[in-house]
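Residue numbers (the working numbering), protein chains in the order written: chain W, 1 to 368; chain G, 1001 to 1251; chain A, 2001 to 2373.
Keep in mind that a hint or two might mislead.
[What the hints assert, rightly or not] Partial list, computed: chain W residues near chain A (C-beta under 8 Å):
| no. | residue |
| --- | --- |
| 1 | Arg-61 |
| 2 | Glu-62 |
| 3 | Ser-66 |
| 4 | Tyr-78 |
| 5 | Val-116 |
| 6 | Asn-143 |
| 7 | Ser-145 |
| 8 | Ser-146 |
| 9 | Ile-162 |
| 10 | Pro-311 |
| 11 | Trp-340 |
If you're looking for bench data, these hints aren't it; they were derived computationally from the structure. For every residue, glycine included, the Cβ atom is placed at its ideal position computed from N, Cα and C.
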Amino acid sequence: MRRVIGIARKEILHILRDPRSLAVAILMPAMMVLLFGFAINLELRDLPVGILDMDGSSASRELIRSMTSSGFIVNGGYLSSRSEIEPGFRHNRFQAALVIPRGYARSLIRNPSTEVQILIDGADGATAATVDNYMNAVIAMTNRSSLPRSLAPSLPLLEARIRYFFNPQLVSAHFIVPGLVALIMVMICAILTSITVAREKETGTMEQILTAPVGAHQIILGKFIPYILIGAFDASLILAIGHLVLDVPMHGSWMVLAGYSMLYLLIALALGLLISTVSRTQQVAMMLALITTLLPTLLLSGFIFDHSSMPVVLQHLSKIVPATYYLRVIRGIMLVGRNWFPLEGGVMLGMTVVLLITAVRRFKSRLE
Amino acid sequence: MYKSNPTSETPSDYAVLAQGLTRRFGRFTAVDRIDLSVRPGEIFGFLGPNGAGKTTAIRMFCGLLLPSEGEGWVNGLSIRKESEIIKRRIGYMSQKFSLYNDLTVGENLEFYGGIYGMKKSAIRERSEALLKHVGLVKHRRKLTGSLPLGYKQRLALGCAALHDPTILFLDEPTGGVDPSARRGFWELIYELAERGTTVFVTTHYMDEAEYCGRISIMTDGRIVALGSPSDLKGTFNVKSMQDVFLRAVES
Amino acid sequence: MVLMYLVKKEFRQVFRDRAMVWIIFVVPIIQLLVFAYAVTLDLKNVRLAVLDHDRTAASRRLIEAYFATDLFIPAGSVGRPDDLKKLLIEGRADMTLWIPRGYGGDLAGGRQVSVGIAVNGTNSSLAGRGGGYAWAVIMQENERLIEEILLKNPADSRIHSIRPVTRFYYNPELRSRFYMIPAVVVIIVTIISGLLTGMAVVREKEIGTLEQLMVSPITPFQFIAGKTIPFVILSYVELSIATTIAVLLFKLPLEGSFLLLAGCMLIYLLVTLGGGLLASTVSQTQQQAMFTIWFFLVFGFIMSGFFFPIRNMPAWAQYLTYINPLRYMMDIVRGIFLKGSTLTDLLPHLLPLFALGVLMFSAAILRFRKRLG
Chain W
1 MRRVIGIARK EILHILRDPR SLAVAILMPA MMVLLFGFAI NLELRDLPVG ILDMDGSSAS
61 RELIRSMTSS GFIVNGGYLS SRSEIEPGFR HNRFQAALVI PRGYARSLIR NPSTEVQILI
121 DGADGATAAT VDNYMNAVIA MTNRSSLPRS LAPSLPLLEA RIRYFFNPQL VSAHFIVPGL
181 VALIMVMICA ILTSITVARE KETGTMEQIL TAPVGAHQII LGKFIPYILI GAFDASLILA
241 IGHLVLDVPM HGSWMVLAGY SMLYLLIALA LGLLISTVSR TQQVAMMLAL ITTLLPTLLL
301 SGFIFDHSSM PVVLQHLSKI VPATYYLRVI RGIMLVGRNW FPLEGGVMLG MTVVLLITAV
361 RRFKSRLE
Chain G
1001 MYKSNPTSET PSDYAVLAQG LTRRFGRFTA VDRIDLSVRP GEIFGFLGPN GAGKTTAIRM
1061 FCGLLLPSEG EGWVNGLSIR KESEIIKRRI GYMSQKFSLY NDLTVGENLE FYGGIYGMKK
1121 SAIRERSEAL LKHVGLVKHR RKLTGSLPLG YKQRLALGCA ALHDPTILFL DEPTGGVDPS
1181 ARRGFWELIY ELAERGTTVF VTTHYMDEAE YCGRISIMTD GRIVALGSPS DLKGTFNVKS
1241 MQDVFLRAVE S
Chain A
2001 MVLMYLVKKE FRQVFRDRAM VWIIFVVPII QLLVFAYAVT LDLKNVRLAV LDHDRTAASR
2061 RLIEAYFATD LFIPAGSVGR PDDLKKLLIE GRADMTLWIP RGYGGDLAGG RQVSVGIAVN
2121 GTNSSLAGRG GGYAWAVIMQ ENERLIEEIL LKNPADSRIH SIRPVTRFYY NPELRSRFYM
2181 IPAVVVIIVT IISGLLTGMA VVREKEIGTL EQLMVSPITP FQFIAGKTIP FVILSYVELS
2241 IATTIAVLLF KLPLEGSFLL LAGCMLIYLL VTLGGGLLAS TVSQTQQQAM FTIWFFLVFG
2301 FIMSGFFFPI RNMPAWAQYL TYINPLRYMM DIVRGIFLKG STLTDLLPHL LPLFALGVLM
2361 FSAAILRFRK RLG
């Protein structure tokens, strides 16, 4: 046991003495939480729309006003001709353009229906669809409110009360911060572990350790301890900042969260160890770590992009990404207040066991 | 006793000349006002324990470090002002051997020949000759990383000497190699010196001093003895270089 | 000439490591595929659970309207409001719809009626859009009801409505994949040219060959060129592979000129290579270099406008993005692929990029001395 602590101490000293390791291990997570909390926003807001008002009447101005009154869409500038629309898209000056034809006001009075054009920059497909939805909805509401009083009472009015659970204000931070914990833990632990071992192999200090009477298990344990400490520290830091500064709620139990997080940490470390056993150089170790940990966690786990819209193949793939399960757990605990996750817990336990056994076995055979 | 060099001769008479050469790192003085001279064709040994400042001195001669004080000349050229020209005609072998482990023996030679501006035909000829010389012909296509330490050492020497430099600076070339391999290596050095190459070698093995024409002993940044092995043994009245060292350090 | 030997050595080292070959050729392709298919911000298969207290033809029609497209899929039909909440909590439904008793009757009588929609707000982006779509369905149903009534009474001259006609430029089918793929190309090139180059230089430092090179007559320029040229070539190979796959497999349009794209990339490489080199001059070990570059890369990606729109960021963050080369490159690449942007269109992006590149590269060269210490 003393030897284990000896190895752990050496590892910790290594990290503490190298300011860059510290920067990546501590500064980066803190900065990321703050960045995500204060600067990053997943919602759509303040989308500039260019206005080509060829009528210039009070009716057209009224339409424009109702479009921009909610803050979702803002006036992106008045255009003087159609030819300004495409350049505006290409220079990213506005996302959409509203074209009100000449004679709009007169046509409204005379004709049953009057056309206006909505031209949208489709490059950003998701935003484009939402802008379209929104502008159509505003027009629909305008239509409804312009119905003559006498007719209105006999026309049905269908409405919806929409409530958002678990995150009523739809604050991005509530959604992202738990995900950030998963992302950063896996990033740091896997990378650091794999790099450290690869480095020792390259510079030959691995052989020196081996000549001492220390078993493989003890080496691994000794190596893991510092990263467990770092991982725990980072997770706590992120959650503290998230909860106290960014007001991310915590409806569940901290103990339960700690337990599942520990499990997740072990998975990440085991993965890091495994990667180190198959990489001969540091460049390879890093790249491999990125591909197998960062990328899947970022894209497939549900961190930002939802599973439901992914093709089936990727949905299946996401089932072997540990973060998929951990994210459900941490979001469930923090935002929903659930404390019992039999499926996720079981899968994570299984992953931990499998990965640890495989990694340890490979590590041992590499030593011999 | 330590004799200082006559300064009436010009730098170009010497392969290597140092006057009051000093190098400090902050408060620590690694090399403290050393004077030495090496004549062309000599095998000059730079002895001393680890940390004595030998590597720092050699790095100054090779243009890797600027002196804090004093001046030095290699081939008559100033190490302060003309180091880039110096680099064209010297060869260097560092402690780490500085070979590319993922290139083959032949590829390493080809590379080092190329960056010294040698023509392809010259590289080919010289590589052939050197490989025979150092006994690595059979291993030309082997990955350098797979070679045992002794072979790597020879290859490093070959790479340093490929472009036919006038002076070879070898920094602890025999580090970590077994005695018989060391002896073999020194034979190679002799052969190079016979062809007129000046060899400037640092080592912490006292027995290797016997192989040199003249040696200097360095401790704590200062030269405490300078001369041929036999001269020094006579001066200190001892039988072995080990004792020379002990006596020199005492005084 | 001397440069040839340096470049040759570098290529030999790269290709001799089988793992590196995989990293350079296979991994970016995997990245491209995964990104393209995984990253859809399009809404699809949102699980909607329904509680229909009314059970009339009218309520059934509303439910059908929801499941008419693949936007929503049924997540169960329950009998009590508590069950709806339970499905949300357990994560078995993303949204729930509650149709009150009397729905059909109220509508027929021309009265106001309100349905309840609950959304799992955990994923705020999805929730917001999902809620928006749910509301849109309601509005459409409302319009349909009104139209039906108006049809029965011939067109009343008192009805005047605005009819919006939408047209999408550049991406008529609104595939978010088209938005993402060009950005992935940028990521791939950035990693290869920034990270790998920096590490390659530090590797020489670590194994001691850098010292050997410093003692040789090669100039700093030759050394830097020898290190960067191979990765420039590899970056172009990556660009070509990625573009080919994107265009052929994903049918990504390439409205602009590939030549322009290649030219812009050269300027971008100035920045990434310069950055990688700069990082290598301040690092003694590969690990340090890696961490340094990694640090900047991560924040560069986050603030590039790739995942998160810059428009939404607070002012201070938006100002910061002006020195982020990735921001410019993302716009450039998207512009060329999707909008057919020309050189003049891109100048406002290219000039800052060029300035950054010159800055980085000169800083790197200046720090590069043929001396230690």
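Here's how the hints hold up against the structure:
1. Arg-61: 14 Å, violated
2. Glu-62: 11 Å, violated
3. Ser-66: With Cβ-Cβ at 11 Å, over 8 Å, it is violated.
4. Tyr-78: With Cβ-Cβ at 19 Å, over 8 Å, it is violated.
5. Val-116: The hint holds - Val-116 (chain W) has a Cβ within 8 Å of chain A, the shortest such distance being about 6 Å.
6. Asn-143: Nearest chain A Cβ about 4 Å off; hint holds.
7. Ser-145: Status violated, d = 11 Å.
8. Ser-146: 7 Å, holds
9. Ile-162: OK, holds: Ile-162 (chain W) within 8 Å of chain A, min 5 Å.
10. Pro-311: Holds. Min distance 5 Å.
11. Trp-340: 11 Å, violated
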